[in-house]
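Chains as they are written, first to last, in this note's numbering: chain A, 1 to 422; chain D, 1 to 422.
Keep in mind that the hints were calculated from the coordinates and are not lab data.
No copy labels: a pair is met if it fits in one copy or bridges any two.
Result set (SDA-like, lysine to any residue): computed pairs, CA atoms no more than 25 Å apart in a straight line:
{"#": "1", "residue 1": "Lys278", "residue 2": "Asp259"}
{"#": "2", "residue 1": "Lys140", "residue 2": "Glu293"}
{"#": "3", "residue 1": "Lys237", "residue 2": "Asn190"}
{"#": "4", "residue 1": "Lys33", "residue 2": "Leu15"}
{"#": "5", "residue 1": "Lys56", "residue 2": "Ile98"}
Single-letter residue listing:
2 protein chains.
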Amino acid sequence: MSKVLFNEKTFEDLLDISKSLSSERDLDRLLDKILSEARRFTCSDAGTIYLVNNNKLIFMLSQVQTLFDRWGEQQTREKFKKFEMPITKQSMAGYAAITGMVLNIPDVNKISPDKEYKYNASFDEQNDYKTVSMLVVPMKNRQNQPIGVLQLINAFGEDKKVIAYTKSLERLVESLASMAGIAIQNAQLNQEIRNAHLDTILRLGIAAEYRDKETANHIRRMARYSLLIAESLGWNKETCERLLYAAPMHDVGKLGIPDEILHKPGVLTTDERETMQKHTLIGANILHHSRAEELVLSKLIALTHHEKWDGSGYPQGLKQKEIPIEGRIAAITDVFDALSSRRCYKEPFPEEKVIEIMKHDSGRHFDPELTELFLSKIVEIRSIQIRYQDTDADFDKLRNINALSPADLIDNNKNSQIKFDF
Amino acid sequence: MSKVLFNEKTFEDLLDISKSLSSERDLDRLLDKILSEARRFTCSDAGTIYLVNNNKLIFMLSQVQTLFDRWGEQQTREKFKKFEMPITKQSMAGYAAITGMVLNIPDVNKISPDKEYKYNASFDEQNDYKTVSMLVVPMKNRQNQPIGVLQLINAFGEDKKVIAYTKSLERLVESLASMAGIAIQNAQLNQEIRNAHLDTILRLGIAAEYRDKETANHIRRMARYSLLIAESLGWNKETCERLLYAAPMHDVGKLGIPDEILHKPGVLTTDERETMQKHTLIGANILHHSRAEELVLSKLIALTHHEKWDGSGYPQGLKQKEIPIEGRIAAITDVFDALSSRRCYKEPFPEEKVIEIMKHDSGRHFDPELTELFLSKIVEIRSIQIRYQDTDADFDKLRNINALSPADLIDNNKNSQIKFDF
Chain A
1 MSKVLFNEKT FEDLLDISKS LSSERDLDRL LDKILSEARR FTCSDAGTIY LVNNNKLIFM
61 LSQVQTLFDR WGEQQTREKF KKFEMPITKQ SMAGYAAITG MVLNIPDVNK ISPDKEYKYN
121 ASFDEQNDYK TVSMLVVPMK NRQNQPIGVL QLINAFGEDK KVIAYTKSLE RLVESLASMA
181 GIAIQNAQLN QEIRNAHLDT ILRLGIAAEY RDKETANHIR RMARYSLLIA ESLGWNKETC
241 ERLLYAAPMH DVGKLGIPDE ILHKPGVLTT DERETMQKHT LIGANILHHS RAEELVLSKL
301 IALTHHEKWD GSGYPQGLKQ KEIPIEGRIA AITDVFDALS SRRCYKEPFP EEKVIEIMKH
361 DSGRHFDPEL TELFLSKIVE IRSIQIRYQD TDADFDKLRN INALSPADLI DNNKNSQIKF
421 DF
Chain D
1 MSKVLFNEKT FEDLLDISKS LSSERDLDRL LDKILSEARR FTCSDAGTIY LVNNNKLIFM
61 LSQVQTLFDR WGEQQTREKF KKFEMPITKQ SMAGYAAITG MVLNIPDVNK ISPDKEYKYN
121 ASFDEQNDYK TVSMLVVPMK NRQNQPIGVL QLINAFGEDK KVIAYTKSLE RLVESLASMA
181 GIAIQNAQLN QEIRNAHLDT ILRLGIAAEY RDKETANHIR RMARYSLLIA ESLGWNKETC
241 ERLLYAAPMH DVGKLGIPDE ILHKPGVLTT DERETMQKHT LIGANILHHS RAEELVLSKL
301 IALTHHEKWD GSGYPQGLKQ KEIPIEGRIA AITDVFDALS SRRCYKEPFP EEKVIEIMKH
361 DSGRHFDPEL TELFLSKIVE IRSIQIRYQD TDADFDKLRN INALSPADLI DNNKNSQIKF
421 DF
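All chains should be modelled from the sequences, with the hints used to inform the complete structure.
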């Protein structure tokens, strides 16, 4: 094996991998790519990637060719779920993560008992697999701290027998791991910024909640329903995500409607209703002139989510496909959630009644094709309803200004439960 | 020269550069690094980087060792300002950007007249410089589209004479340029997400504007003043930026205050004032439980920007350094802007009067050290006032709901003027 290393071809391969890794901004796809490339490079049967997080080691994925061949790749991958374990020097991955050192083990069954790390045979036992040689390499970020561990298992020699990892292979994988560490850090930073952005968008929704009768969970459900339709339409991941980010701001214009109209208990007069309908324009105006794609789209949704398929909606009276598809989607998901959830002025309608109303208004209020598509996803709809269920607190606590006290608010830290997961 | 290429050392250098480029997320620093590394690798006296944007070629930076030696590096760099030029095949950079091909020119004075591209001697004439050999390499993104051009000038041979770029150097720079292209694209995507996030934060401020008497520019000025203090305190770039992002949301809790109190023209009763003061708690509650650093900080500022140095503020009555420094900064910059700008109920106070009031309240309302530091930056304060000046439209248009029409709002495109630059 050693003769294939560090010639021009190998280096060009490494440079290509480097480019390929830095092109990948999605963490899961990146990890999969890292492991595939490392296995390919070292002719390894198997491999595993762990990430370090809050003093835990998170098992992220395994690829095992022998098991892929035995059970099929998809089925095998589904068997390996993400799990956490403490970082200790007793596991080989933990040892590499703590010390930052490479472990090159010719045979895991012959590890000297005076070593701090042991081989844990449970994987082999559970999967009827036989681990022999292992190469365990820490992946470090730009501050040179280990942020993950790349573990390769059973290198094949030329005659398909398992051999030990050579010194040159070790060096090669170290080089690959150092690129991988930076690419992982970039993908994580990227995800952090996106999360912060999405969180801010939700706060905008929560701010609107202080003024309206809707809950923050209405916004989450409505955005998730919209995503469900987009996915069913086969939109690509990026376009789907843009809709998920844009939808929560559809009613932001209600922030500009006077209390006396927004909170009026009875029926609105014609004038009042006209003012109320201005929330579409106010929303579009708040979101106007942005260059950010999500905000350009959310402006469009704010402006068009009250248009109706038959042309009887507002503010422009657009009809059918004159209404942008994102506005047609939002019309369906916004009304569906209003009907199927509790509001402070009404109980939720039963599911059958909601579906009956939606079907009745399909072709009048709603785009009939999109309505049919949406209602065909009732299983997914129900699981969104369960995940983002309203609680009594959602209705009372936030709007009861006098119940707020600094003590409830100052005890915040970055490790707190993610309340606003999305 | 050619013998140094493509040995193990060169490849390891390239791998190191690859890691170094993917570690850099700031575009300007990244471009500087790309050019330095490319010059070092090829022993080039000079180099220039262009980026492609909206069918324009943007000159981003030049490094010229001869001129650095002659005028000093800092002075030379300041001479070269960013500028735009059309992309045409007549310039060498434009040719590389349009065709995606490398130009390797042994002597720019001997370019055959039947070539589409010409050498533009204006740089040489303006700077008393003599360009001979050039290597012009397009930098491509992951979709293989040229997004920039790396231009190297005057390769030095072993005897310090200018020589032509060898074929191996050409290949090496192509390899470097392909990594650079991906790193540039990553930095640009990163910047786009951050801009979208900041834009969303400002929309939250603009939404609050619909309800309060303040303008969107108040929020921008106040955030910029806060940044000014942070920079004067020597905070690092990241911490400064976090404050810039967090400060605009300090009054988001006003969205939860009833119209009758928020818009009451006269003096508030004791009860009404108490409700009004709840905007600090409502704001903190809207921003509570976020894991995003900017939002954790904005919650802290929302909660503490009405505390006073002498303990007479609200909601907690904290005093002196019990008040987080970000809250003490926001107290100064929020009040300073309220005094020095027009509100719909008052004209701006003259600068001397504002400074007099700030000094009088220093040690009572405000942290005296921070107040002194802030007021010492009057030149920078004035330039922020000019950049984010209120116009009459800011006061009238947004709050006049009936003046809004769909026609004003639908004609939006991504190339529109950045109205909400920050």
